[in-house]
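**Student:** Spelled out from the first residue to the last, the chains are:
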Amino acid sequence: MRTGVASAAAVSAWRLPCRVKMVVFLEQLVNGLTVGAVYSLVALGYTMVYGVMRLINFAHGDFFMLGSYLGYTMLVTVLAQSSLPLWAMLCLATLISMGAISLLGVLVERMAYRPLRKSSRLTAVVSALGVSIFLQNAAMLIWGARYQAYPPWSVPEVNWAPGGVHVSLMQLLIMGISLALMVGLYMFVQRTTVGAAIRATAIDHDTARLMGIDVDQIIRIIFVIGPGLGAIAGVLLGLYYRQIHFTVGWSYGLKAFTAAILGGIGNIPGAMVGGMLLGILEMLGAGYISAAWKDVFVFLILILLLIFRPTGILGERVAEKV
Amino acid sequence: MSLLELKDVRIAYGSVEAVHGISLVVERGQIATILGANGAGKTTTLRAISGLIRPRSGSIRLGDTDISQIPAHEIVNRGIAHVPEGRRVFPTLTVEENLKLGAYKHRGHPDKVSSNTGRVYQLFPRLEERRLQLAGTLSGGEQQMLAIGRGLMPDPDILLLDEPSLGLAPKLVQEIFRVVREINGQGVTILLVEQNARLALRISNHAYVLETGRIVLSGPADELRRDPRVKKAYLGEK
Amino acid sequence: MTLSAPLLSLGAVSKNFGGLRAVDSFDLNVKEGSITSLIGPNGAGKTTVFNLITGIYRPDSGSITFRSSALIGMLPHQVVEAGIARTFQTLRLFENLTCFENVLAGQHCRCKAGLVACILNTRARQAEEARAHSEAERCLRQLRIWHLRDELARNLSYGDRRRLEIARAMASGPALLILDEPAGGLNERESDELMDIIREIRDSGITVFLIEHDMRVVMGISDHVAVMEYGRKISEGTPEEVQKDPAVIEAYLGTDDEDEQAEAEADAEAGESVQ
Amino acid sequence: AAKEPIRIGLQAPITGPWAYEGEMARNCVQIVADEVNKAGGLLGRPVEIVLGDDQGSPKQSALVAQRMVSDKVAAVVGTYGSSINDPASAIYERAELVNIAYGSTAEKLTEQGRKYFFRTCFRDDKQGAFFAAFAVDKLKAKRVAIIHDNTTFGKGLAEAARRPILEQKKAEIVFYDAITPGERDFTAILLNMGKQNPDVLYFTGYYSEAGLIIRQMRTLGIKATFVGGNAAVNDEFVKIAGLNMAAGALQTQEPLPTDLDYPQSKTFLAEYIRRHKEPPSSPWPVYAADAFKAIAAAIEGSGSTDSKVLMNYLRNSLKDYPGITGPISFDAIGDREGAIYLAYEVTADGKFVPLR
Amino acid sequence: MRLEFTKPASFIRAHSAWFIGALILAAAALPLFISDYWTDVCVFWGINVLLGLSLNIIVGEVGLFNMGQMAFFAIGSYTTAILSERFGVNLWLLIPISGLIAAGAGYILTGPIIHLRGDYLLMVTIGLNEMIRITLINNPFGLTGGPNGLIVLDQFRIFGHVIQRPIDFYYLVWAAVALLLFCLGRLQRSRVGRAWNYVREDPIAAEATGVNTRWAKTLAFTLGAGIAGAAGTIFATKMMVISPDSFTFMESVILFCIVILGGMGSIPGVILASGAMMVLPELLRNFAQYRMLLFGLAMVIMMIFRPQGLWPSRRWMTRLKEGGGE
Ligand SMILES: Nc1ncnc2c1ncn2[C@@H]1O[C@H](COP(=O)(O)OP(=O)(O)OP(=O)(O)O)[C@@H](O)[C@H]1O
Ligand SMILES: Nc1ncnc2c1ncn2[C@@H]1O[C@H](COP(=O)(O)OP(=O)(O)OP(=O)(O)O)[C@@H](O)[C@H]1O
Ligand SMILES: [Mg+2]
Ligand SMILES: [Mg+2]
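Residue numbers (the numbering used here), protein chains in the order written: chain F, -16 to 305; chain S, 16 to 253; chain L, 7 to 281; chain E, 233 to 588; chain U, 79 to 404.
Hints are computed from structural coordinates only; laboratory data are not their basis.
Check the hints yourself; a few may be wrong.
Stated by the list, open to error - Rough simulated footprint, nothing fancy, chain U against chain F, three-plus residues with beta-carbon under 8 Å:
| id | region |
| --- | --- |
| 1 | 48 to 54 |
| 2 | 90 to 102 |
| 3 | 235 to 245 |
| 4 | 280 to 292 |
Claimed, not checked - Example chain E residues on the side facing chain U (calculated, C-beta under 10 Å, incomplete):
| id | residue |
| --- | --- |
| 5 | GLY284 |
| 6 | SER289 |
| 7 | LEU295 |
| 8 | VAL296 |
| 9 | VAL301 |
| 10 | ASP303 |
| 11 | SER314 |
| 12 | ILE316 |
| 13 | PRO319 |
| 14 | GLN344 |
| 15 | ASN382 |
| 16 | THR384 |
| 17 | GLY386 |
| 18 | ASN476 |
By construction, the Cβ of each residue, glycine as well, lies at the ideal position given by its N, Cα and C atoms.
Make the full structure from the sequences, and use the hints.
**Tutor:** The structure is reproduced here in structure tokens:
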């Protein structure tokens, strides 16, 4: 029986020398954190839009997917012709993709969400799902239904194995960039006046207006930042795994949304913690239980966690004041 | 020229008209009061002045410009501050952040912001004690003080106050009214909406009585105070 | 004072929120058939006391007994079933339902029909439904809003909404009615009408326990007044006694002198002050 | 006057996650249909393809099948996935409409006693058995790891490969688990597998994941020989894995069109490349073309478009019809006869060559 | 005294008998005039209506977010397949049995999470959907047949007539819809239906006026799961083959959209919207690969032009509260 084999594997894992187990664990951890960093970046987009508009932007995963494709297209078409050094090409590809996706984000907000701002929240959710289906199929039509691969020359292949633990440059880059972006974003929201305006808008649109805050503009800013971060995550993902497909928005979007909920939706550090935790949980599930049952395990933990912390790890526990 | 003037303003929510053509005038330096039963349209009128709702027709003039089509965030810059009904402070922001947001139009002028903050603290010493506390944890009275203080931050020419005494203990009501008078003394024109007609008429110069979206009475506050209709309907006197 | 046991009695009830002691060993007895008021500065913990009684929060310590049975541990709907109904400080109506449906909510706990009975529309269910309807009608009439029965709650004026909330509470046929600032946002004439209604409710045999900041209302209708500050009871007695208590004046009422003077002044000036 | 065309259905996932397979199937069938029409059609009538998009969803598949039936097509080519095919072929069976699958390899499909169901692709168990023999006898593997992707095809093939190995007892299955398709990080499962020191990894999923798996596995320093199922290794696989990592990867696979010496394979491939710039990236669409050719042959051979006649013809009279993927004959239950599998290797310059 | 106080007090209600009579006649005659294919489209429409109504109880009536309704549908379908194929249980019996098992699962699974706030509940129900689907794929105890799924060979028989052709299923499914409509209509106008609406409007106020909100929510979830489970029996016999691919998250999402698109809590809305979601892609078939693109666009446009839904249950005046807050 298959379960027999799986448990035999688990049992023999116990017999491995302690050091090897440690190395394997550390390696799992590095990988979990890398995946988690991508989840976090995407989760930020969910959380920011949710925080300000109370909208679960189901199209966010697709911004991420399009970001990945755009980065790819920039690299293989325009930039490949140039004589720029690799790092400059990568930066340019990322920036261009980010700019384009931000623009798209603002456009989608204007066309599909703003007309619904005064309607029930679920109305906008359905609209977001419609946008998601639209973008996904648009990507399929533009880039084809087949998998595309980032060209090999675009990926810096640098690997280390300190103490037997495999770490690659891309992994460090992903973790580093994600962390920097998240800290930067957190500072921006906590320390600047515009950040305070964002927080105020998140609490109460009308009162924010009375302070002289242009709510439409704040929402535009949110739709520049959220999809922009998604695009960066998309390019990073493309570089790390190379292959991209139009369905990646759904699968990663769902994961990132899970991460945002896990951390407490609407909360920026929460998105980060949630993403990392999800990455690690997946790694634990696949590594120590069974990859086939991994998602069941992850969702089980998530549900248990929410039973005890109904608003996520860092979500405010506002018992509704009566 | 009067500071604020509404002419035949009609306001509707969806297809339901809530205010059926009201006209009123607020002179510079005055305290003007709008009295009226619940649902008469007082809040609606203030929301139209501050731009939160577009009136269906009519004009709202601040000085010599019509502001009825200008978005709310622009109107603040032109000198109207609105302290909304039910305080509406930002509960998860600190007292000081709330005040800073009030001075959003002065962003980029930190010294202006800090001198205004100082002025508010002078008016409400209690807020200074709590400047780093989250606004949501303030008591009702303190929140009202914060809301008013926040309204003063953009240096408004005219302050719209919507039921500042709502839900406050008697002692605090007295304090709030004392401060409103003090603010007016500093040269800020005030348009006040109140249920507590007795107190409101006592401090204001001019008053309007609004009933189901229409102005039914207006005049100097002292006159209205002695008007039998007002006495009967709002002061509970026979 | 009679010797009969009070309808509701709170013994040394405390409640903390994080580090904040919102209610601090609070004792109170509410006598059957009375109108009892609870007053105190903002944030004193009055609403919290109501939430403790009605099961929305659970006290950290102390006892709450109603008709000599313990309330602690009951869920809010069980408290209603036991005979305590309430209104909220900030209105909580079912905005998109009609007034009639709003009031029928009160009768929910007095009916028994389950899923199957409702689908089969049994005789018992029909009888029960008819009873609920007539009860709801009675409450709407008592609060003088019967003519608004088919209006959606959100289309009502504020004063009518306040009444609707009271009607909804009354519909559960409570022995004790708890009102949180029923006159908040009402003008003097409206609150006069409200006072009449509250008296009428009391006279129909329902005990009333209310929070109010409007002293005209409190002093006008209460049989008994308790005063709270920082979660503690600082005074208690008849309206007159409480009004004279220096602690209450200091903490809550303030001195009205200044205003009286001002009023006198203004009256005197009246003749000349033509602006 | 133009003759009324003969309508032949093509059921394929034109949208949805398998859209690229559907698209290629459509391209392939179009080529052979054009060929037939250029040669004067069937029975003197032109052929028309009726396209039905099943989105890779069973429910849509049932609907498409019903529409094919309502549209009175002569026969149907389709469809791709086994679990998608199953409800459709149940409907075709009831309507007595010949349907020839091109990508549905699950054994159970032909074992339900359906009379009108055929397939031009080969069953999982044939490939599984080939792998078992190849791994144990050729590669001398003692410790075998199998990873599938929990799709009907991937899991079916994995099971089919595991069964004979367990029975023969000459090698040990040291690891057996599944990944989730659509994900990209498989390091956790690969690390786990690596702890078992397998000699061979058989991955039975698709190239998109296969490319990632071989790269992640090599990055982690796992040396096991990588063998892919017939959906795992192709040009895209090499692109995703990177040439340095992909080189040396093996796969079990029917002979590729490029390695077939039949003239029809060569012309077909040339035409495909002319139209679409590159050869089809997976083997299945070519089977769709063959399914179409088989139907065409049956119509031409029996001189009828009646489904019952076609069914009998396909089962009894069609012998070694020269298809693009080799001679086509169907056995008693509708499976294609004579599966030939080869092991291919990815060379250092990214070519696929049959392993000798 | 007014007994007609709940739900669309519209024109149609005033003449309901005529309308319903005409509608039933038209519906009964319809399959005689359309092809088997369109009859089949109507069969799946009917199954979607059953599912939509089951979800509407949860989302529309009680206001609980649920994007995992397919989990219960799957449980019902698999129960049918397993019990029918392995134990030869009669299909008619399996309708209530599948319903009860799915309801039981709904009761047990949602018990611990029912108190979660909107979006958190949404997430968890998505999780439940995925958990059930993956479990089915992983073939626990060899019960579910893994990704291949299971076959259902048995057929409904009524007085010796086998329900097999599209038209047979058409009558079966729409009879089930009619029965369900009747029951739900009764519920909407009863104590239970009102309790659900109270919870949707304001759970705290509902609790404080004596409604056991936990009971109301759990009842809705259990009933919704049960109906979906019973619908699973019909689906399984119609499809003859069921596999995890039929119960993906995307299917749940479409179902969720149906309820919102119809107008939350509106029964005719659900019928219309599931029709639209069913027929629209069929009409777009000629656009081949542009089909889903246009479908997505259509969803956005429908929401923008009818944010209150195709057939709102009440004149839900759009809430003028400006976005944000709550
Ligand atoms: N957002 C809204 N949507 C629809 N109608 C509204 C809305 N807000 C207010 N109304 C209606 O407009 C009318 C006037 O309301 P408004 O709030 O201006 O009254 P008010 O005089 O401020 O009363 P209060 O003393 O209760 O504050 C009322 O009939 C009210 O029901
Ligand atoms: N759910 C809660 N979480 C945290 N603190 C709370 C909560 N509910 C009440 N408090 C705090 O408890 C204290 C008492 O609040 P409460 O609402 O009982 O005051 P109150 O006497 O009703 O005041 P008011 O007259 O303004 O309504 C306040 O400081 C309040 O902030
Ligand atoms: Mg107001
Ligand atoms: Mg209170």
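**Student:** Compare the structure with each hint and give your call.
**Tutor:** Outcome of the hint check:
no. : hint       : in the structure
1   : 48 to 54   : violated (count 0)
2   : 90 to 102  : holds (count 7)
3   : 235 to 245 : holds (count 4)
4   : 280 to 292 : holds (count 6)
5   : GLY284     : holds (8 Å)
6   : SER289     : holds (6 Å)
7   : LEU295     : holds (6 Å)
8   : VAL296     : holds (9 Å)
9   : VAL301     : holds (6 Å)
10  : ASP303     : holds (7 Å)
11  : SER314     : holds (7 Å)
12  : ILE316     : holds (7 Å)
13  : PRO319     : holds (5 Å)
14  : GLN344     : holds (7 Å)
15  : ASN382     : holds (5 Å)
16  : THR384     : holds (4 Å)
17  : GLY386     : holds (8 Å)
18  : ASN476     : violated (34 Å)
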